[in-house]
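2 protein chains.
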Amino acid sequence: MVNQSMAALGNNRSTIRELFEYGNQRAAVVGRENVFDFSLGNPSVPAPDAVRQAILEEAAGNPVALHGYTSAQGAADVRTALADDLNRRFGTAYTGDSLYLTVGAAAALSCAFKALACPGDEFVVLSPYFPEYLMFIESGAGAKAVIVPPSVQDFQINFDALEQKMSAYTKAVVINSPNNPSGAVYSEQTIRRLAELLQSKEKQYGHPIYLISDEPYRELVFDGVQVPFVPNYYDNTIVCYSYSKSLSLPGERIGYVLVPPQSADSADVYAAVCGAGRALGYVCAPSLFQRVVARCTGLTGDLTVYKTNRDLLYDNLTAMGYRCVKPAGAFYLFPQTLEPDDRAFCERAKKYDLLVVPGADFGAPGHMRISYCVATGTIRRALPLFEKLAQEYR
Amino acid sequence: MVNQSMAALGNNRSTIRELFEYGNQRAAVVGRENVFDFSLGNPSVPAPDAVRQAILEEAAGNPVALHGYTSAQGAADVRTALADDLNRRFGTAYTGDSLYLTVGAAAALSCAFKALACPGDEFVVLSPYFPEYLMFIESGAGAKAVIVPPSVQDFQINFDALEQKMSAYTKAVVINSPNNPSGAVYSEQTIRRLAELLQSKEKQYGHPIYLISDEPYRELVFDGVQVPFVPNYYDNTIVCYSYSKSLSLPGERIGYVLVPPQSADSADVYAAVCGAGRALGYVCAPSLFQRVVARCTGLTGDLTVYKTNRDLLYDNLTAMGYRCVKPAGAFYLFPQTLEPDDRAFCERAKKYDLLVVPGADFGAPGHMRISYCVATGTIRRALPLFEKLAQEYR
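Quick note, the sequences are listed as chains H and A, same order. Counting along the first sequence from 1, when you hit position 78 you're at 78 in the numbering used here, and nothing is skipped either side. Counting along the second sequence from 1, when you hit position 238 you're at 238 in the numbering used here, and nothing is skipped either side.
Rather than coming from a laboratory, the hints here were simulated on the basis of the structure. No experiment lies behind these values; they were computed from the predicted model shown. Beta carbons are placed, not taken as given, at the ideal position from N, Cα and C, and that holds for glycine. Don't take every hint at face value.
Label-pair restraints from in silico Cβ distances [claimed, not checked]:
#1 Val30/H / Gln204/A: 52 to 62 angstroms
#2 Arg17/H / Pro119/A: 48 to 58 angstroms
#3 Ile147/A / Asn11/H: 55 to 65 angstroms
#4 Gln204/A / Asn34/H: 34 to 44 angstroms
#5 Asn24/H / Asp49/A: 31 to 41 angstroms
#6 Asp77/H / Phe159/A: 42 to 52 angstroms
The whole structure should be built from the sequences, with the hints applied where relevant.
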C-alpha cells in the first residue's frame with residue numbers, strides 16, 4: 001500500500017549507513033578504539049571558533065527576528081554577504097539575487113534537478129560519483145541518470161565516454177570536484193576541455209546544456225592546488241554548495257544554489273529552483289545558520305589534519321603495495337582493492353575491523369573508499385591492519 | 001528549457017508572499033507603523049527563554065558532535081525524548097523508532113505524501129486548507145489532490161461532501177486542527193465521526209486509508225479547549241508536527257513525522273518515509289535544533305497574547321458587522337468578506353493598508369484570513385480602518 005520504491009530506498013540503507021551501524025555494533029563488542037570506521041564523511045575537525053562566537057552573538061539578539069521565517073530564498077542580507085564573498089574570491093559580480101539558500105547540498109541538488117528536469121531529460125553523472133545523485137535525479141526529480149565510467153588512471157574525466165553518453169536528451173552534466181570518493185581535483189585543463197565539449201554539444205543539439213557543479217569540498221585542497229571556479233569557465237554552470245565540510249557543519253544543513261546571471265535562461269532557472277523548493281517543501285533554510293555562515297564567510301576549520309592524514313595513509317598504503325591515485329583534495333583515499341571484487345575485499349577487511357566502502361557504490365568497482373576524516377591516531381593504529389590485509393593477497 | 005511547472009510555481013509566488021512584499025513596499029512609502037500586515041503566519045511571541053538556554057548550553061559542548069550528521073532519521077536520544085514527551089501527554093507508548101525528524105512540517109508532509117503515493121492515488125484535502133498541501137501532493141509526490149468544500153457554519157468537517165469525494169483511489173485524508181486559516185479546532189465528536197467514516201470506507205474499499213494529521217498548532221488553543229490526539233481515535237493516523245508555532249521557531253525548520261506502530265503496515269510506511277527523505281534530499285534534520293527541541297519538550301512560548309489578540313479582533317469585528325466563526329486555536333481569524341468576491345474585497349482593504357489574504361487561496365471563497373500573530377497595538381490601530389472598510393458596504 002505504500003510506494004514500494006520509497007520503502008525499498010528506506011529499507012536498503014546505503015552501504016555507508018550499513019557500515020556505520022555495523023561499526024556501532026562491533027564497538028559494543030570489541031571496544032570503540034578497536035573499530036576502524038573509515039566509512040562516513042563526517043568532518044573530524046571542529047567548526048572554527050568563529051561559528052561558536054556567531055551562535056552566541058546571534059542568540060543574544062531578538063529571538064522573534066532570529067528564529068522567524070526568512071524570505072523563501074533566504075534572508076536578503078545573508079545572500080548579499082555570500083555573493084560578496086564569492087565576488088571577492090573569484091572576481092565575479094554576483095548579487096544576492098543569484099543565490100537560493102538551501103538545507104545543505106542535498107537540498108541544493110534536489111532543487112536544481114527538479115527545476116531543470118522535463119519529461120525525457122537525461123542527467124549525465126561522471127563516475128566515481130556520490131551515490132545519492134541517482135536518487136535525487138530518478139526518485140526525486142523523475143528524470144534519467146546516465147552514468148559515465150571513470151578515468152581510473154587519474155580520476156579526471158573520461159572524455160571519450162562522456163561524449164558517447166551525451167545526446168539530444170542531455171539536460172545537464174553533474175560534476176563534483178574536489179571529488180567524493182576519489183579526492184581528485186579537476187585541473188584547469190580538464191575544466192577547459194569540458195567547457196569546450198559542452199559548448200560544441202550545445203551547438204550540435206541546439207539547446208543549452210547545464211553543468212551542475214557540486215562543490216562541498218571546494219576549500220579542502222592540499223599543497224596549494226587551485227580549484228578552478230567553474231562558472232568562470234562555462235557560462236551555463238549552476239553551483240551547488242554546502243558549508244558541511246568547509247565549516248564542519250554537516251548536521252546543520254546549510255548551503256546554496258548559485259544560478260549565475262550569465263547562464264542561459266537564468267531568470268527562468270532561478271524561478272524554477274524557487275518553485276522546486278516550494279514543491280519539495282524546502283522554502284527557508286534554517287535561519288540561525290543562515291546568519292552564522294554570513295558571519296563566517298571566508299573562514300574554514302583548521303584543515304591541516306586532513307593533509308597529515310592523507311600523507312600518512314597514502315605513503316604507507318602505497319608502500320604496502322596498494323595502488324592509488326594521490327588525492328589533491330576532499331578527505332577520501334580511493335585505492336584499488338587487492339582483488340577485482342571490491343565487495344568481497346571490503347567484506348574481508350571487516351575481519352580486521354577495517355570499515356571501508358566498496359567502489360562499486362560510487363560507480364568505480366575494483367576500488368575502496370577510505371574516509372580519513374578521523375583522528376590521526378586512528379590511522380596510525382589501523383596501518384598494521386591494512387598491512388595484514390595486504391599480506392593475505394601476497 | 002526548464003521545468004515549466006516549477007518555473008510557474010517560482011514566478012507565481014503565493015498570494016501571502018506577494019502581500020508580504022507589497023507590505024514592505026508600502027512601508028517604505030507610508031512608514032512601517034502605518035501598514036497593517038495580517039498576511040503572514042510568523043509567530044510574534046518570542047521563543048521561550050529555555051530555547052536560548054539550550055542553544056547556549058549546546059554551543060558550549062563539543063562542536064564535532066554538536067554539528068555532525070546524526071542518523072538519517074534523527075539522533076536516537078532526541079527521538080526517545082520526543083516519544084517520551086508524547087507518551088506523558090497522550091498516554092501512548094511510542095518509542096523513538098516511530099519518529100522521523102524533519103526539516104519542519106513542510107518536509108514532514110512532503111515525506112509522508114511521497115512515502116504513500118502510488119500511481120493513481122488520491123489525497124483528500126479538507127477546505128479550508130494550507131495551500132502548499134496541493135504543491136506537495138501534486139508537484140512533489142506526483143499524486144492527485146481531491147478537495148472537499150468547507151463546512152462554513154462551524155469549520156468542522158463537511159462530512160457529506162467528504163464521503164462523496166472518497167473513492168477506491170483514496171490513499172489518505174489530510175486534516176489540520178487547530179486549523180490554518182479558520183482557527184477551528186476539531187471537536188472530539190468530529191474526530192470520532194471521522195474515524196468511523198474512514199473505518200467504514202476501509203471496509204468498503206478493502207484497503208487502509210491513512211489520516212495525515214498536520215498539527216503545528218496543536219498547543220495553540222484558548223479557553224481550555226482540548227485538542228484530541230488523533231492517533232488515539234484512529235489507528236491509521238500519521239502525524240506531521242513542527243515546533244514552528246509552539247516554540248516560535250518557524251525559521252529553524254524542525255519537526256517530525258510520527259508513524260504509530262498501531263497503523264497499518266507501519267514498518268513499511270516508516271521505511272517509505274525514510275526512503276522519501278533520501279529521494280528528496282532530506283536526511284538528517286538540523287542537528288543543533290534537534291537537541292534544542294529535545295531539551296524543551298513540554299514547553300511553549302507565552303501564548304497569552306494570541307488570546308488577547310483573538311478576543312480584541314473577534315469582539316470588535318463582529319460588533320462592526322463582520323460575520324465570523326469564533327476560532328478556538330491557532331492565530332487566525334477567518335471572517336466572511338463583506339462582498340462575495342473575496343479577492344475584490346481584499347484589494348479594497350489595501351486602500352486602508354490592511355493586508356489580509358483572500359479565502360479562495362484556502363479553498364473557502366467569500367472569506368479572508370487575518371493572521372493576528374502581531375503586536376496587540378497593531379490590532380488596536382487597525383480596528384478603525386476595518387470600521388471604515390465596513391462603512392463602504394453599509
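Structure-based check of all given hints:
| no. | hint | in the structure |
| --- | --- | --- |
| 1 | Val30/H / Gln204/A: 52 to 62 angstroms | holds, 56 angstroms |
| 2 | Arg17/H / Pro119/A: 48 to 58 angstroms | violated, 28 angstroms |
| 3 | Ile147/A / Asn11/H: 55 to 65 angstroms | violated, 33 angstroms |
| 4 | Gln204/A / Asn34/H: 34 to 44 angstroms | violated, 59 angstroms |
| 5 | Asn24/H / Asp49/A: 31 to 41 angstroms | holds, 36 angstroms |
| 6 | Asp77/H / Phe159/A: 42 to 52 angstroms | holds, 49 angstroms |
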